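K.L.:
As a plain string of letters, each chain reads:
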Amino acid sequence: MQATNLKHGAKATRVSSLLVLCIAVLMGPHAWAEGPLGSPNIFAPDSTPANSILNLSWFVLAITGGIFVTVGGLLVWALIRYRERATDDESEPAQIYGSTQVEVAWTVIPILIVVVLFLTTARIIFAIQDAPKPQVALDVTVVGHQYWWEYRYPKLGIVTANELHVPVSTALEPRPTYLHLLSADVDHSFWVPQLAGKTDLIPNHPNDMWIDPHHTGVYLGQCAQFCGVEHAKMLLRVYVDTPEQFAAWVEQQKHPGMQDARVAAGRHVFETEACTNCHAIAGTAARGTFGPDLTHLASRTTIAAGAAMNTPENLRAWIQDPDHFKPGALMPAMQLNDQQVDELVAYLTTLH
Amino acid sequence: MADQTLPIAGTLDVTPRRRSQAQVLEWLHGWVVTVDHKRLGILYVVYSIFFLLVAGVEALAIRWQLAWPGLHILSPQVYNRMFTMHGTTMVFLVGMPILFGFANYLVPLMIGARDMAFPRLNAFSFWLTAFGGLLLYYSFIGGFGLYGMGNAPDVGWWAYAPLTAKAFSPGHATDYWALALIVSGFGTLGTAINVIATTLSMRCRGMSLLRMPLFVWLMLVTSGLTLITITPLTAAQIMLLIDRYLGGHFFDTQAGGSAIVWMHFFWIFGHPEVYVLVMPAFGIASEVIPVFSRKAIFGYPAMVAASVGIAFVSLGVWAHHMFTVGMTSVGNAFFVLSTMLVGIPTGIKIFNWVATIWGGKIRFRVPMLFCLGFLFQFLIAGLTGIMLSVAPWDWQLHNSYFVIAHFHYVLVGAIVFNIFAGIYYWYPKVTGRMLSETLGKWHFWLFLIGFHITFDTMHFVGFLGMPRSIYTYEPDRGWNHLNLVISLGGAVQGIAVLIFAWNLVHSYFKGKEAGNDPWDAWTLEWAAPSPPPVYNFAADPVVRSRRPLWDLKHPDDPDWKYEA
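Protein chains in written order, with this note's numbering: chain A, 1 to 352; chain B, 1001 to 1564.
Source of the hints: derived by calculation from the structure; they are not laboratory data.
Please read all numbers here as calculations on a predicted model, not as lab measurements.
Don't take each hint at face value.
What the hints assert, rightly or not - Pair by pair, the computed Cβ-Cβ distance ranges are:
| hint | chain 1 | residue 1 | chain 2 | residue 2 | range |
| --- | --- | --- | --- | --- | --- |
| 1 | B | 1140 | A | 70 | 47 to 53 Å |
| 2 | A | 126 | B | 1069 | 36 to 42 Å |
| 3 | B | 1200 | A | 208 | 29 to 35 Å |
C-beta: ideal position from N, C-alpha, C; glycine also.
So here's chain A without its partners, still in its complex pose (with noise of 0.2 Å):
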């Protein structure tokens, strides 16, 4: 998945994006090369939002570029040209007040450029934010919540958490995912770099935003709007299915949570301590709302807000003291004895 997440690029963008790269790698040397998934680079656009930013922001920065090397030149070759020097005489230079046609040409040149930079951004503007919403697209309500994410697909009654599972969308068969934002608390920011700019999620203003994904793999992104105490640890990662794999993880978060007989002692644990006060277990009697949808947790690769990666020395260190992973996070420890915590991670760990 990551190997295609690098690969898929298209060439332009890969060379354009290795300038920038360029100047960075001079500051960081090892600036690209850290992650397994690599960086949320703007840069490294594969979404038609992103794509369409990212050429209008080639176009700005020639023009920006331009202006920054006339005037900038002009700037150092004056302070090397007109420096007092040793051999000058005690006289003034000559005094100039002002150029009447001078300053009509550096006023009317730059109204210029306002005009063809306004025109230009105003396109896209409408192109990204007026886009007609077709038929064939996916719907999914983002919740924001201190400190995490709901994701919610009303059409196919799925509600999960943290990870956005969307099918990609190929020129031959579009299948672009609309974003409905809402929050259940403050504000927050929904930021994929790679797939779109962000969109708030404000609390009684409800947003929309869409992304239409060119290759499969996974995408990472956090909140973009300070939220609270963990704002740094709400972290989103969107996983680009093909239509198949997209409609067998449908299938799956479409069931009741799995019940194994093997592991009653940990549903019990589950169903009568606190926990469902804010969690929630399809088919079992945890209806809570004010944490994430555990229904189908063992199906996610990380637990937290993408805090920690889901196994279960981390479920059962995140069970016993939240504030390991995230100081700050609204989920109390939950002060089990060991037996409860291990029976409790591994009925957790069953729910597929």
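Got chain A; can you put chain B on it based on the hints?
P.N.:
Here is chain B on its own, set in the frame of chain A:
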């Protein structure tokens, strides 16, 4: 001796104090009760430099925590307080007071007046501002409230609703934040009124509006802008307190309030605020660049017009901070256009400064070095500003480190550089002694290098998707080394500022005697002694041009022959 016959012994002790103690107290008393514009100006600047050091330490704490992923130097709670306090302090307790301090000291001198129009309002404004600062920092002690909650504001300097609501921010930290801004805001309003009244009614004979030094013009425009912008901020803080204590629902989204309304109020203050800070800095550059290029400012009327133009347009651009909140496409396009329009008068200013340098005899003294740093960095800041005004690109860059880089380019690269230039330029006038040129050059070069290491790099980590306000980050995003570089640059800047602080103290006692006019300058303040006496000018000056001292020094070739 004390009167032994009084019934309550010791309450009326009239024993003379020890002489030296009396002198110290008298000296202190003199500063506390002063209404002299120069002393108040110095108080503002000293107060701001103190908070500059405090907020600088906060910045270094932030950078230490971010130097590598997963560090535990600061807890998330403390980190959030640090960046909130850093931002609030730098804007309200450093930027505005130091620039109004410059205005206080210089405006009357530059227009040939003996004091500000309202000296007692002036003192009142300073002490309000100072009290606002104390209130903000008292939150470290008083913020706990009955809840034992966090002890300093931790909601960001923008304090977006509803995070500031009682439900999400219990304790009193947010209250101290709001109250501090209300109180210092009133101080700022007082000074703004004073500057406007002074420039409009206290100018000496011959000083028409179009002969005022550009610094005075820019302070006039800034003050007008301040009157307009501080008002919505104060209103918003009062609404916030009503929400928190009187059961209001302005921003209470759980009860139908609007988070967006807070953003509008905050940014209709917040964006013009940037110009409130940057225009006095423009004023400093417009004084320093001509003197060290040995040429009159190029296109004076255009500079004045551009300043007024920037102020006017800046009132209609605030929602470019809100491109991601879900405005309509037409709304977004409107704010794209208005924001880009600011670029035109700003461009005119940059071109005029370059044209002033063009054909001059440039003296690379420390004030000029800082102004040249400003010019170069402000050019870049303006261009990254254009990039951010492009709404679709802003959807990517907003709240990323690119934005942090952009506004530090404005606030540090442009404003702080010019503040340093101003201090090196006018310190001789204020103290009668020159700042050390050698230490000044060390300060300049280290600060310049540190600045670029830190803030140039921030642009790139923003491109790589790093959002602001995060206390730590994942090690697999490609941000690690860039952040280390950014933090190292911060340390270099810290060293430079320490050299500066040492220079200020050392030169006060050991600096070279300055004389009245050490830079061979042209505006009226250089005609007064250094430091100027309480009354500034023994006789009211009369001027015939924008550069009265040029006319005096070049009777054969005076400015008034050429000025329209």
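K.L.:
All hints are to be evaluated individually against the structure, with a verdict given for each.
P.N.:
Tested hints:
1. 1140(B) / 70(A): 47 to 53 Å: Given about 49 Å between the Cβ atoms, the range holds.
2. 126(A) / 1069(B): 36 to 42 Å: holds (39 Å)
3. 1200(B) / 208(A): 29 to 35 Å: violated (51 Å)
Hint 3 from the earlier list is the only one contradicted by this structure; the remaining hints agree with it.
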